[in-house]
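Q: What follows is the residue order along each chain.
Protein chains: 8
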Amino acid sequence: MDKSELLTLLTEIAEGKTSPEIALDKIETKSFGNIDFAKPDYHRQLRQGVGEVIYGAGKTAEQILKIANDLLSHGQKRILVTRMSEEKYASLKTEIDMQYYPTSGIGIVGKIPKPNTDGTILIVAAGTSDLPVVEEAELTAKFLGNQVQRIVDVGVAGIHRLLAHIDDIKNARVIIAVAGMEGALASVVGGLASSPVIAVPTSVGYGAYFGGISALLSMLNSCASGVSVVNIDNGFGAAYTASLINHM
Amino acid sequence: MDKSELLTLLTEIAEGKTSPEIALDKIETKSFGNIDFAKPDYHRQLRQGVGEVIYGAGKTAEQILKIANDLLSHGQKRILVTRMSEEKYASLKTEIDMQYYPTSGIGIVGKIPKPNTDGTILIVAAGTSDLPVVEEAELTAKFLGNQVQRIVDVGVAGIHRLLAHIDDIKNARVIIAVAGMEGALASVVGGLASSPVIAVPTSVGYGAYFGGISALLSMLNSCASGVSVVNIDNGFGAAYTASLINHM
Amino acid sequence: MDKSELLTLLTEIAEGKTSPEIALDKIETKSFGNIDFAKPDYHRQLRQGVGEVIYGAGKTAEQILKIANDLLSHGQKRILVTRMSEEKYASLKTEIDMQYYPTSGIGIVGKIPKPNTDGTILIVAAGTSDLPVVEEAELTAKFLGNQVQRIVDVGVAGIHRLLAHIDDIKNARVIIAVAGMEGALASVVGGLASSPVIAVPTSVGYGAYFGGISALLSMLNSCASGVSVVNIDNGFGAAYTASLINHM
Amino acid sequence: MDKSELLTLLTEIAEGKTSPEIALDKIETKSFGNIDFAKPDYHRQLRQGVGEVIYGAGKTAEQILKIANDLLSHGQKRILVTRMSEEKYASLKTEIDMQYYPTSGIGIVGKIPKPNTDGTILIVAAGTSDLPVVEEAELTAKFLGNQVQRIVDVGVAGIHRLLAHIDDIKNARVIIAVAGMEGALASVVGGLASSPVIAVPTSVGYGAYFGGISALLSMLNSCASGVSVVNIDNGFGAAYTASLINHM
Amino acid sequence: MDKSELLTLLTEIAEGKTSPEIALDKIETKSFGNIDFAKPDYHRQLRQGVGEVIYGAGKTAEQILKIANDLLSHGQKRILVTRMSEEKYASLKTEIDMQYYPTSGIGIVGKIPKPNTDGTILIVAAGTSDLPVVEEAELTAKFLGNQVQRIVDVGVAGIHRLLAHIDDIKNARVIIAVAGMEGALASVVGGLASSPVIAVPTSVGYGAYFGGISALLSMLNSCASGVSVVNIDNGFGAAYTASLINHM
Amino acid sequence: MDKSELLTLLTEIAEGKTSPEIALDKIETKSFGNIDFAKPDYHRQLRQGVGEVIYGAGKTAEQILKIANDLLSHGQKRILVTRMSEEKYASLKTEIDMQYYPTSGIGIVGKIPKPNTDGTILIVAAGTSDLPVVEEAELTAKFLGNQVQRIVDVGVAGIHRLLAHIDDIKNARVIIAVAGMEGALASVVGGLASSPVIAVPTSVGYGAYFGGISALLSMLNSCASGVSVVNIDNGFGAAYTASLINHM
Amino acid sequence: MDKSELLTLLTEIAEGKTSPEIALDKIETKSFGNIDFAKPDYHRQLRQGVGEVIYGAGKTAEQILKIANDLLSHGQKRILVTRMSEEKYASLKTEIDMQYYPTSGIGIVGKIPKPNTDGTILIVAAGTSDLPVVEEAELTAKFLGNQVQRIVDVGVAGIHRLLAHIDDIKNARVIIAVAGMEGALASVVGGLASSPVIAVPTSVGYGAYFGGISALLSMLNSCASGVSVVNIDNGFGAAYTASLINHM
Amino acid sequence: MDKSELLTLLTEIAEGKTSPEIALDKIETKSFGNIDFAKPDYHRQLRQGVGEVIYGAGKTAEQILKIANDLLSHGQKRILVTRMSEEKYASLKTEIDMQYYPTSGIGIVGKIPKPNTDGTILIVAAGTSDLPVVEEAELTAKFLGNQVQRIVDVGVAGIHRLLAHIDDIKNARVIIAVAGMEGALASVVGGLASSPVIAVPTSVGYGAYFGGISALLSMLNSCASGVSVVNIDNGFGAAYTASLINHM
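Residue numbers (the working numbering), protein chains in the order written: chain A, 6 to 253; chain B, 6 to 253; chain C, 6 to 253; chain D, 6 to 253; chain E, 6 to 253; chain F, 6 to 253; chain G, 6 to 253; chain H, 6 to 253.
By construction, these hints were calculated from the structure, which means they are not laboratory data. A portion of the hints provided could be inaccurate.
[Said to hold, decoys possible] Short, incomplete list of chain F residues facing chain G, as computed with Cβ under 10 Å:
1. 162
2. 184
3. 187
4. 188
5. 189
6. 190
7. 210
8. 219
9. 222
10. 224
11. 227
[To be verified] Label pairs and their computed distance ranges (CB to CB):
12. F/77 / C/79: 49 to 59 Å
13. A/171 / B/77: 26 to 36 Å
14. A/172 / B/39: 24 to 34 Å
15. A/175 / D/74: 52 to 62 Å
16. C/91 / A/123: 50 to 60 Å
17. A/175 / B/41: 26 to 36 Å
18. G/165 / C/62: 39 to 49 Å
19. A/80 / C/154: 28 to 38 Å
20. D/104 / C/91: 55 to 65 Å
[Unchecked claim] 27 Å max Cα-Cα, derived DSSO-like pairs, lysine-lysine:
21. A/71 / A/82
22. E/147 / E/119
23. G/71 / G/82
24. F/71 / F/147
25. H/175 / G/147
26. D/98 / D/71
27. B/82 / A/175
28. F/147 / E/175
29. G/116 / G/71
30. A/175 / B/147
31. D/175 / C/147
32. H/175 / G/82
Every residue, glycine too, gets a C-beta built ideally from N, C-alpha and C.
Build out the structure end to end from the sequences listed, making use of the hints.
A: In structure tokens, the structure reads:
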């Protein structure tokens, strides 16, 4: 139920065509589903402007399939599934029409829409190893109606490679900075940009990198203003926030 | 040197009134200062739209004073000093005209401007003990030209208090969620809001709270989308990012 | 040896039918067994009202089998085995009559009894990925004679899903709150409930979740009163404590 | 507003003496206060059976005083203030009638009530250094209407001291086990008792004790069933949960 | 070269049968070997009374074999190999005469000697899952010439099982206490014993046990005196120290 | 009650001069005291051969005084108080006859006895900053009847200083190795000695030393055999264990 | 483009044979490549005197191949690939001429050059298990034109093995000290040497070694001067720095 | 005893003017002192080319004074004391002729020598708050005979300030990079420089900076080659290593 459907319903109440009780029932009973193991949130579209997303990591292929079908049957047009292993996709793909991206483990049911806002989300990433997170962020941002530009392998150890893109940094509406190891990219980009920077630490590194904690701490302690941080490898979360900002 | 001053200079080059070399010199030599122990960044206004801010915690009162005077003498109108102890303020106050706020340790030289954008930044905070961070965020946001609303003591243990403010949450353009202890406020607010939420963990708690780490981890692991995080107690950073978003 | 058997023995002493020395011997020598690698605790039923439980994770299939048979041969009617992998079960199943639940790795010898107390233990869980812990708690609670209700996928990011169950929360005699990621569910439920809440952090999450530590810290730092916590993924322990309370 | 007052109000609606709208207003508007920096929760008594408690650590003396007076003026009879330093008490004591206990930093406005339930809460503590936490737990439990017994200095290094109290352990309705250092007391007591044990790690120790983390981890990893844990030094939380259980 | 061989050599010098230079050369050049990747310490027997031990975990099967043969060829009679996987043993066993113990991964070349001292080393262990560490300690102690007694599955949650062995605890010359989870066994045993207790934390547990850190911290923070600690799962190290003490 | 007193009592039973019940009562009722806040362990002398020691850190001066007097009145001749601040001592010293050592905070009531065993405990320490721990170990060892030798400032960065004492290392019956920073001393000494080495990490260092954790980890991970470890700064515990060994 | 090629180009400008614009273009456009997922840094040779190195761990075999070919086609003569698994090498080896070293996972395209400086880099390592890191350091150092000497299995527990090499330590121009477990080797070597020591902690150990953190902390806290540290297992980084120093 | 003095002595042996035994005695007995609590290392000058340095933090003023006087009386000309509080200096200054620098807590006895090597050590620092560490490094480097240049407040958030000094970075023989917070400076400088970079993390920051651990991890995980790291705030250690390199 999107906003216009809701308005129709509310108008029917005002016009006496529907009793408040019945209307309440319609709204309430449709606000979320109740599969055995999950309660798909049908109203998120209404409440937050974005349809329910399925986080695939902790779910079996069967659970993903059931939730997706339940959402489709309640009118959702597009579904984004994140962190879905190739094995899960393999056992799903004959059951549902889904585009799968193995680098990031993203699956998309329905079409990626055209951008519905002018600004560009710029994704800059320190190294080749950050590509899975970059792809998760890029596909999420596109799924949510954004234009995306990406620049990869511009880690600060060769700062001339980053400075060659200074115009892109200046022109972006929102920037997602992706880096593992020491995560210094976020600070340097944060100092160059005048737009909000969302930093994504990645679990790229070895030794005392603690699965991305070193990059996370760097980004939280950034000496540059305008930098906020999401969880390690959380390309989805960065893109979701970036999209909210880009649609303002 | 703000953008219009720079344009004038560049036009003079085009018109042959100034040589490129001289212009370069003017731009370069004015871009940052060089006090013995600091290099105030005169161009931040130009580069990022915000004047230099002085982080007071690691500086002596004398250093704060020198940097502030250097900035004033280079044309900055307003200066925000953060994390300045009462002792430092006491030894400064006869030397410079500054408004001081002891709860947060903020000092402001010059006037807080009128809001220059329509949206409101909503600050919600879990408890009374979070007030120092709330005040740092509020003053920073106002200093940067924003309208601010604040709601304090709406921790999730009494969720009806938070739900009573659901309209404010829906209407805000950006939300800053401030909480210590288990930091659950960010997730609940993140689920209710359709605008970006910037979460600020605070060093409020005892026992296994690790100076705010428990709240920080909660916020990074938030199951709500649209939540990004800044460092513990970093009200300034949250407000800076919120202001960038609110001015888009 | 349960309480009535013991009473009979003690009466025999008082009546001179058994010497204290012989009685002592009977009690002492039967209080625990002595297999090569384990000392099954035959008196736990007497001492704590619950028969010995076999923690399967650190034992071989052979060891589990030997302990189970030893307990059965000393009169225990029902045995609960926790954290038993499917491999171990596969090599056991022809040797002993056991019901196996693969989601949680629980095996049960004998029948789950009917509830022997009126109150209900309510298990609320944040997400689908928490199901293994939910099942461990649910089966343990039923094994110990409790009536159980479960509500899954009511994470705080969609708080309306949780609030729809407020009556269940109010009516439960004890509540087990299961959540990974930021673990905020425990605090929200703790604020709504007037019964004791036992919080179980789960190892669900990614990035800076540290195998469940983020949820554990959240729950320990809960701003809600009446919340106590068990170890990460310890559905068994939560149900055991809940059962003690539910039988008061 | 307690339950009987609410019933009166609801009956008036049923009898047509009060309109639902006005009743709603009365209930809603009285559910929490709105001092500048705090929202006292007047309905907690109704919702959870316990009046609002003031956590004193993060509040100024003035804030504590204002909240206490606000609660008193809304009909609360007894107020418990926790973690209040002697300095804060000193500046409060002429303004409000309060009994202060310096070992734990507890302040109580109004009288400690007589026990209103039969069972006893037993507090066992490992050492003399745990006394501040013991007192916090004891006073809280008494404030909440419980009979309390305490046994101090029965650490497991001299286990005969603990075993001398085995009858007290067997007879208690709920047990609070308080220990710092290695926190082994909780496991030993948990193995002896057939009632629920709430373990409170304390910040007592030196070297690699990490402000109580060593005891906290011990208690979370207890090999005894029926043990749940609260935050380090959280005597209040343990007693609150124990009281809930003791009143069942 | 053991002590008597050395004495012979030194006497030859005194008697003029060997020049000091030649003797020096013999001693020096034989003090350690020089295989490509290792320098077997031939003099450890002389210096510390114990032959070189091969830590198998970080070595390939080939490296273990070469070092063992090198030691044998320099006169060592018995060799203890620790932490050797079954795969490594499988590829070694046709090349060298070795007794292998799969539970602990110990391999022994030569015969376990008869005890050459009177006292007994008592190994007490909390649970069945600790057996690999118990076996490593037991075999090491026997290899070093000690009489060993072991008692397994006497965790503190059923303290009567431990108290049943109080005479063994009183009579042992040295005690090795092995426990995972909360590691409380060391403190209880430490309080009962009057001999030195060497505590070995094990990597047994789940959730917040951190691979044995919870038990390690418990043991380091033990409130019992006379307890010292070795690394997690270090059964070898505990037995080595126990043997030194038992041979005094 | 020491062993001979007990034997007398037991003989009286055998000879019919005392009934078992009365004897039991004498033994039981005297086994520990019961001051309000403490239960002094009068039988430790009997059980473990060492009188009760008072850990002063978590106790008030009044509590220390009461426990000491209680012990004296039950026949203990010598009392060791550890970790007592100069302030506590100052308020005690007129009430009890005690020798105080400010470097370590040790107080001793009664006389340090003559050594009652032949062997020497050698204390080696890395630097001057380790002196407080060295003194705590030295005084404890002497209090327990040992001969002690100490060598200070022989850190491994100037290894010739340590090698100059190789004879002392070879001749000691037990060695206590005290070091902060990287704690390498324990490994080097462990490699040179053929007697047991008890390693004491100290909270000496700066930066990433974590209050002694770096030294603690070094010592736990020592590549030398025969090294066991006590808690950070626990000179008392090291000396207690060393004394047990030295009296074998 | 190396320095002499650049000089030629600059001379052409001075002589008027090339316009500055064209020269700028040549320099700029060749400074780094732009493969889809990577920006090979062609100027590193010019800027830092060392060609681009490919860190193989986070890249697919295809990505490694493409970058290597791109570098070769831009004139780089030798390529060092680090941390490349045997699987990746297997799928690469028919496509490119590469020498592979499985112990360290190093691959080298082109020939290892002759040493172009006099000094020797000495690599000392504590144990056989450190060999992978030793080999990574050794091959890197040779690739960069250095003469290398290595001494393995000289851990401090048998210090005479290390002291036997004191002349090598005195004569080296730079020393790389490689050790896991407690990492004490760096301190001892640092105290003996008068040349810079670069310490490499390795992830060798078990129990509380934390994947090399114990050795890392030891090395950072070394009481010896002249020791600096690189990341855990970072043989490459140590050799790179050592080579810079050896070429001064 | 420096090298020439030693040569004289050795020549005297060769010429028969001194017996080897007497010479040995002179060398041995003078190699280190033996004050009660310290063993000053008189031979460090000979062994490592640098006189003994006194680390003042863990020593009393009296101990510092005694060691300094002992060193002076054994012929050392210059003494560097680090980490000496103003209080300690105040109680020392009338007893010894020392120049004191309060920002870093450095005290110097004797004159800072003229540089005895050509290269320059460049110290770059991120912010004003890093000055204490910068001064410690600068004075140490000068004490050791180096020419030093320093550039402060060039944090990466305003990268143009750093790039303005690119020539200094290119020309330095060794670079010390000092930064707190996220420590990104080391990576950026490491990418620009062709000389070795020694990174010093500082304990500057707030929130999740962990006393400098965030900067330390950043520097250890630097994506730039040629960067090695010393302990947090260890300006002395960085300068010592830099000096070794600068004197090659």
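Q: State for each hint whether it applies.
A: Hints and how they fare:
Hint status for residue 162 of chain F: holds, given a least beta-carbon distance of 4 Å to chain G, under 10 Å. Taking 10 Å as the C-beta contact cut-off toward chain G, the hint placing residue 184 of chain F at the interface holds, the least distance being around 8 Å. For residue 187 of chain F, the shortest C-beta to C-beta distance to chain G is roughly 4 Å, which falls under 10 Å, so the interface hint holds. For residue 188 of chain F, the interface hint holds, since its Cβ comes within 10 Å of a Cβ in chain G; the closest pair sits about 7 Å apart.
Interface hint status for residue 189 of chain F: upheld, as the beta-carbon distance to the closest one in chain G is roughly 3 Å, under 10 Å. At a threshold of 10 Å, the smallest CB-CB gap from residue 190 of chain F to chain G is about 8 Å, leaving the interface hint in force. Interface restraint check for residue 210 of chain F: the shortest CB-CB distance to chain G comes to about 5 Å, inside 10 Å, so the restraint holds. At about 4 Å, the closest approach between the beta carbon of residue 219 of chain F and any beta carbon in chain G falls short of 10 Å, and the interface hint on this residue holds.
For the restraint placing residue 222 of chain F at the interface with chain G, the shortest Cβ-Cβ distance is roughly 4 Å, inside the 10 Å limit, so the hint holds. Interface hint status for residue 224 of chain F: upheld, as the beta-carbon distance to the closest one in chain G is roughly 7 Å, under 10 Å. Using the Cβ-Cβ criterion of 10 Å, the hint placing residue 227 of chain F at the interface with chain G is satisfied: the shortest such distance is roughly 5 Å. In this structure the supplied range 49 to 59 Å holds for residue 77 of chain F paired with residue 79 of chain C, their Cβ-Cβ distance being about 51 Å.
The hinted window of 26 to 36 Å between residue 171 of chain A and residue 77 of chain B holds, with their beta carbons roughly 30 Å apart. Between residue 172 of chain A and residue 39 of chain B the beta carbons are some 28 Å apart, a value that agrees with the proposed interval 24 to 34 Å. Checked against the hint of 52 to 62 Å, the pair residue 175 of chain A and residue 74 of chain D passes, with Cβ atoms roughly 56 Å apart. At roughly 54 Å, the beta carbons of residue 91 of chain C and residue 123 of chain A sit within the given window of 50 to 60 Å.
With their beta carbons about 32 Å apart, residue 175 of chain A and residue 41 of chain B fall inside the hinted range of 26 to 36 Å. Take residue 165 of chain G and residue 62 of chain C: their Cβ atoms lie about 45 Å apart, and the range 39 to 49 Å holds. Between residue 80 of chain A and residue 154 of chain C the Cβ separation comes to about 31 Å, which falls inside the hinted range of 28 to 38 Å. Range check, residue 104 of chain D to residue 91 of chain C: about 60 Å between beta-carbon atoms, so the 55 to 65 Å window is met.
Taking the CA atoms of residue 71 of chain A and residue 82 of chain A, the gap is about 15 Å. The hint holds against a cut of 27 Å. Using a Cα cut-off of 27 Å, the hinted pair residue 147 of chain E and residue 119 of chain E holds, with the two alpha carbons roughly 8 Å apart. Pair hint residue 71 of chain G plus residue 82 of chain G holds up; C-alpha atoms about 15 Å apart against a cutoff of 27 Å. At most 27 Å may separate the alpha-carbon atoms for a hinted pair to count; residue 71 of chain F and residue 147 of chain F meet this at roughly 25 Å.
With a C-alpha separation of about 25 Å, the suggested pair residue 175 of chain H and residue 147 of chain G falls inside the 27 Å cut-off, and the hint holds. Distance restraint check for residue 98 of chain D and residue 71 of chain D: the Cα-Cα separation of roughly 13 Å lies within the 27 Å cut-off, and the hinted pair is therefore satisfied. For a cut-off of 27 Å, the pair hint linking residue 82 of chain B to residue 175 of chain A stands: about 25 Å separates their Cα positions. For a cut-off of 27 Å, the pair hint linking residue 147 of chain F to residue 175 of chain E stands: about 25 Å separates their Cα positions.
Restraint check for residue 116 of chain G and residue 71 of chain G: satisfied, since their Cα atoms lie roughly 20 Å apart, inside the 27 Å limit. For the given pair, residue 175 of chain A sits about 25 Å from residue 147 of chain B by alpha-carbon distance, which is consistent with the 27 Å threshold. This hinted pair checks out: residue 175 of chain D and residue 147 of chain C have alpha carbons roughly 25 Å apart, not beyond 27 Å. Distance restraint check for residue 175 of chain H and residue 82 of chain G: the Cα-Cα separation of roughly 25 Å lies within the 27 Å cut-off, and the hinted pair is therefore satisfied.
Consistency with the previously given hints is maintained throughout, with no hint failing.
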